[in-house]
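Knowing the structure of chain U, use the given hints to seat chains C, Y and F with the ligands on it.
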Amino acid sequence: MAEPEATGLSKDRLLELYRQLATIREFEERINVEVNAGRLASFYHLSSGQEANAVGVCAHLDNPADTIVSNHRGHGHCIARGADVQAMMKELCGSSEGLCKGRGGTMHIADIDRGLLGANGVVGGGPPIAVGAALANKLRGDGGVSVVFLGDGAVNEGAVFEAMNMAVVLSVPAVFVIEDNKYGEFTTGAYMTGTGDLRARTESFGLGVTEVDGTDLFAVHEAAGSVIDHARRGNGPAGLICHAPRFHGHFTGDPEDYRPEGEAAEARRDSDCIKIFRARVLATGQLTPDDLAAVDGAVTEAIDAAVAAAAAAPRPDPVDVAADVYVSY
Amino acid sequence: MAEPEATGLSKDRLLELYRQLATIREFEERINVEVNAGRLASFYHLSSGQEANAVGVCAHLDNPADTIVSNHRGHGHCIARGADVQAMMKELCGSSEGLCKGRGGTMHIADIDRGLLGANGVVGGGPPIAVGAALANKLRGDGGVSVVFLGDGAVNEGAVFEAMNMAVVLSVPAVFVIEDNKYGEFTTGAYMTGTGDLRARTESFGLGVTEVDGTDLFAVHEAAGSVIDHARRGNGPAGLICHAPRFHGHFTGDPEDYRPEGEAAEARRDSDCIKIFRARVLATGQLTPDDLAAVDGAVTEAIDAAVAAAAAAPRPDPVDVAADVYVSY
Amino acid sequence: MPVKDMRTAINEALRQEMEADESVFCIGEDLVGGFGTDCGKDQGNAGSFGVTAGLYSQFGGKRIMDTPISEAAIIGAAAGAALVGMRPVAEIMFADFVTLCMDPLVNQMAKFRYMFGGKTTCPAVVRLPCGAIPGSGAGPHHSQTIYALMTAIPGLKVVIPSNAYDAKGLLVSAIRDDDPVLYFEPKALYTESCDVPDEPYAIPLGEAAMPREGDDVTVVAFGAMVPAAIAAIDSLATEGITCDLVDPRTTSPLDEEVILESVEATGRLVVVDESPPRCGLTADIAALAADKAFWSLQAPVKQVTAPHAPTPFATELELAHIPSPERITQAIREVLA
Amino acid sequence: MPVKDMRTAINEALRQEMEADESVFCIGEDLVGGFGTDCGKDQGNAGSFGVTAGLYSQFGGKRIMDTPISEAAIIGAAAGAALVGMRPVAEIMFADFVTLCMDPLVNQMAKFRYMFGGKTTCPAVVRLPCGAIPGSGAGPHHSQTIYALMTAIPGLKVVIPSNAYDAKGLLVSAIRDDDPVLYFEPKALYTESCDVPDEPYAIPLGEAAMPREGDDVTVVAFGAMVPAAIAAIDSLATEGITCDLVDPRTTSPLDEEVILESVEATGRLVVVDESPPRCGLTADIAALAADKAFWSLQAPVKQVTAPHAPTPFATELELAHIPSPERITQAIREVLA
Ligand SMILES: Cc1ncc(C[n+]2csc(CCOP(=O)(O)OP(=O)(O)O)c2C)c(N)n1
Ligand SMILES: Cc1ncc(C[n+]2csc(CCOP(=O)(O)OP(=O)(O)O)c2C)c(N)n1
Ligand SMILES: [Mg+2]
Ligand SMILES: [Mg+2]
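First to last, the sequence lines map onto chains U, C, Y and F. Following my numbering, the numbering of the first sequence begins with 3 at its first residue and continues without gaps. Following my numbering, the numbering of the second sequence begins with 3 at its first residue and continues without gaps. Following my numbering, the numbering of the third sequence begins with 29 at its first residue and continues without gaps. Following my numbering, the numbering of the fourth sequence begins with 29 at its first residue and continues without gaps.
If we strip away everything but chain U, and leave its shape as in the complex, we get (with noise of 0.2 Å):
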């Protein structure tokens, strides 16, 4: 017998995880082929090497009321949050079947019915929107919580401080979830931080913030947990920093020049958090070889079966260009 301890989590549920995160790099590593074999046009921000950060916290907002924001590097948190990953992939060709009717595209998929409010294409742009879904969270009583994922570029933007110490102030359930991958595009956190100490910044708003190795979905998972909790039980917003790299370029095309040569490829070797996975799971005997590959080959077929249904779908029609902008008008 294997140690089911050694995660505190069923085989069912590990299973799930585990279909997240394969799910996650399976869609960003195609749109990368996709894009250098020019049948993608626009520019993607892919998580690759994040994913342990959006499956960890999503994993416990199992309340229809809780929401999450996002921001531009946001597929692995819509698939987290239960996006469907076809109408994911129509959106990203811009077809009218897509998430948002072709119309968004990359950096604004949004599903309010899986209470996924939007990715964003401003930096920033994320938590004051999370501070009033949490607002409402409050006002209504419902128990739920808004988490707001943001990069350790994006901390520097006046909004975020502004949302937190607003956060505080109204004593709402806001989770700010910031992911260090040490890059915000071309220049480091590092030196776009005054203090480099992320943390002890965030604290001074007021809010209890936890750090965890984002490339250990487990570590991810039960601080995502206690942080979600405890702004789920009234106690005010709360912040949770990941660290973990991006394997590719800041966009698809990055040249990326400014980063140290063989940086990425030796994350990719040491801290990718799907390896990580399956050797934890595999060590504790809780999923097997087969188990895993059953998984990647349901994955596989599913993205396959997402880029087929994408390259096939309907294009908008030019004339719907002014359509629902607004409700009335």
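Hints are all accurate, no fakes.
Below, computed lysine-lysine pairings styled on BS3-like, alpha-carbon distance capped at 27 Å:
1) K320(F) x K320(Y)
2) K277(C) x K184(C)
3) K90(Y) x K184(C)
4) K90(F) x K184(U)
Hints in this document: simulated from the structure, not taken from any laboratory.
Just chains C, Y and F with the ligands, lined up with the frame of chain U:
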């Protein structure tokens, strides 16, 4: 013989500092009289009670490259920085001989030749400007510093946080002087600032912060000296928090419904920086009652003259309404 | 009918909509006052202009809440709360400060529905006291109108009432509307009164009013310029010159029909706004006529606006900045010359 | 003459003005790249569009500096540095993000000189890559033009080059100008080339260009719409329809004279901009003509713009959003009908 060590300042210096304190007080109180008498039409943010902040800080700005950036409650800062009180009073009356030709008024007093980069009607508008002026100091290597005054309400504006962080990142000689008078308009700073611990929050950006009793000119003077010296020597930005009450409402005409009964009267009685200054210099014997009376007399005369000059000053010509929008157009 | 000033009319609309719908709440700076103090009263000053007086006593701190001085967070929070179905009414103390919350207004609220594929609504209202109060010397940072900038933004609706009656009915509609609405309150009109029914009523967004009817010239005016235009028009009436006065009431959506019908009838158009002239509402209306009513136009289309300059402090300059009835009269005469 | 693309032309203007004047410096996000890393190279990516390539190697970190992602602080700092006599050239990575620094632009820089009594100058330049790159799917937050909003603001100057030659000469003037200048760079044109002299030259702000001359219609177009208008006009020339094409190059100040003279000669006007229609540049120009060239006008003034909608992501929708040469051709035909 008295004990000059008690303050460490020469008699001339003390007389000058007292002249500034008394000038600001007289200026502000006279505006209040003029408003109540219906002779001034706008709304004015008076700084009575907070004079020592302005005077104690500006006393150290002896490099011609030094600048200050003020806020809506700026009369005191301007006077301490050496702006002409007649030209200021004319400005407050909207005369074309006002410091800004009557176009800016109470919230936009500026005197670029004295390094006074403007009061500001936008709460939190000043700090980024000061960072820019300090960046100029650094790039030019002129030994100057830029000091910005902001309130305990302004500290929650996003631009203020951005400015603090950027000042640290670019390591510029900017000095943030936070005047804590316990209110932002009709709401307390304690309510508006998440933790209530403004010092810790400011320090978390990477600024050393000194906190001081703003009713004690000598304390402000000393603390401001080291803080400004720190920045001037190229050690990056620094902060100073001065606690001192405002004697008036937020603006002239404020009904002050939000203020506990008697709070202002108590502050006038027990926390008046001018009374405290007088008691101190009289106790040490550095100044005599006659010395102070002479200053008082001169100040009253100067303000009388300013009020009279302002009342008689020429009015702007309406045809100039669109003059000076551009250098050339 | 009871006579009320615009401040009271707005207050009444807020109160009645809050009574009618639990999801309506107010958020902003100093709407209540006294948060964190022990002022021994139910509330402090109730805002810079007293518009929110009494709401805290009636509804408490869960329905009307003061915030830190953080405009971006206030409007961003309103956006987020509205996106999940609440009906926030946020206040920006002076319209001049939209400079600090343009992102949640322009990039977030305005674009949610479109960029999310038509699947969301954002029923937020933002109240913005705007414009100059002639003689108050509010100066360059406390006098701007801002509404033309917002009219330019697809996804936002823009309301500018010109009297207390409209102010109430339009705010009721704005709160009930499922799109984000910027509701501008011309500060100069807060103390102006007219008949205002006690009961709630809604004036549809997108329907112009026509406070004066005439034959010779069409005058279109916005907000605080409506009373100025009425003064100008009434003075000319004694000379036998009569004008249609169109008050669009909302600039987005805009009631093009009423404007165009009037211009087609009169053949002459004067557009009046207290904002500076470039890329503004007056140009917008003039251009509309130059396209769609071109064949009816019998004279140059005149715009009466502030100069291309910030709003000055000194009373003489401030009065020269704001279009006066005299300038409107002169423009009407010009298009008739 | 050497052929260069607009990106190179802008880079050259920056380099030459930095060489000529010690007080010129560049500040923004990722202008250099690699700050804080040990990338083993002189610089990283040199901006999202490579416009600042090579400047760090030549001038070092005191003349070109990367900042935190803090637009308000960047532009506020540019304002402060300019107020004390430096000549900062700040970049906002995408014009869409002016929403985050409207206050230093609109309430500070723009108003300093006026509200301080004409005693200060603020020689700051803000560079803003703007507009859509057709087919790039940049979407609602990375495609806006914004320049009309800025043209509305008294105190700001607004430049919109339409080709590499003008881009260089206008940027040189912008940097040497003592007023704050917003310099918009239509992203769609970065890779468009034309003859650009190696030596520095200045094109005065406020002087329109006339890239096409004709008799039948006046077309006024801005930025990326100038090449689209040229395509439309050239295609009509084969039918014997000839047009004046006015490229204002700067919208504030605006060269009213050239526009009005042309309209007086042709009697017909089409105005083209890729921004949405309300309170925009096309309305501004149309209204100008409807007032000051009214008696010459022989047909309705047509505006060709984007619809009143955000910029969509999908290529088909994006292309429907941006005015095409076909739509311009059609508008020209309409005013001739
Ligand atoms: C307001 C704003 N400024 C700048 C940008 C350009 N930009 C896009 S992503 C990015 C870096 C963000 O860094 P971080 O928050 O660390 O997120 P990461 O990309 O590392 O996931 C920047 C500067 C933007 N989209 N919005
Ligand atoms: C951006 C902005 N928001 C709101 C206001 C309105 N306002 C003027 S002063 C003030 C309070 C400022 O408080 P604090 O910074 O403590 O300065 P104090 O008035 O106490 O000197 C407010 C909210 C403003 N002028 N600017
Ligand atoms: Mg990052
Ligand atoms: Mg205060």
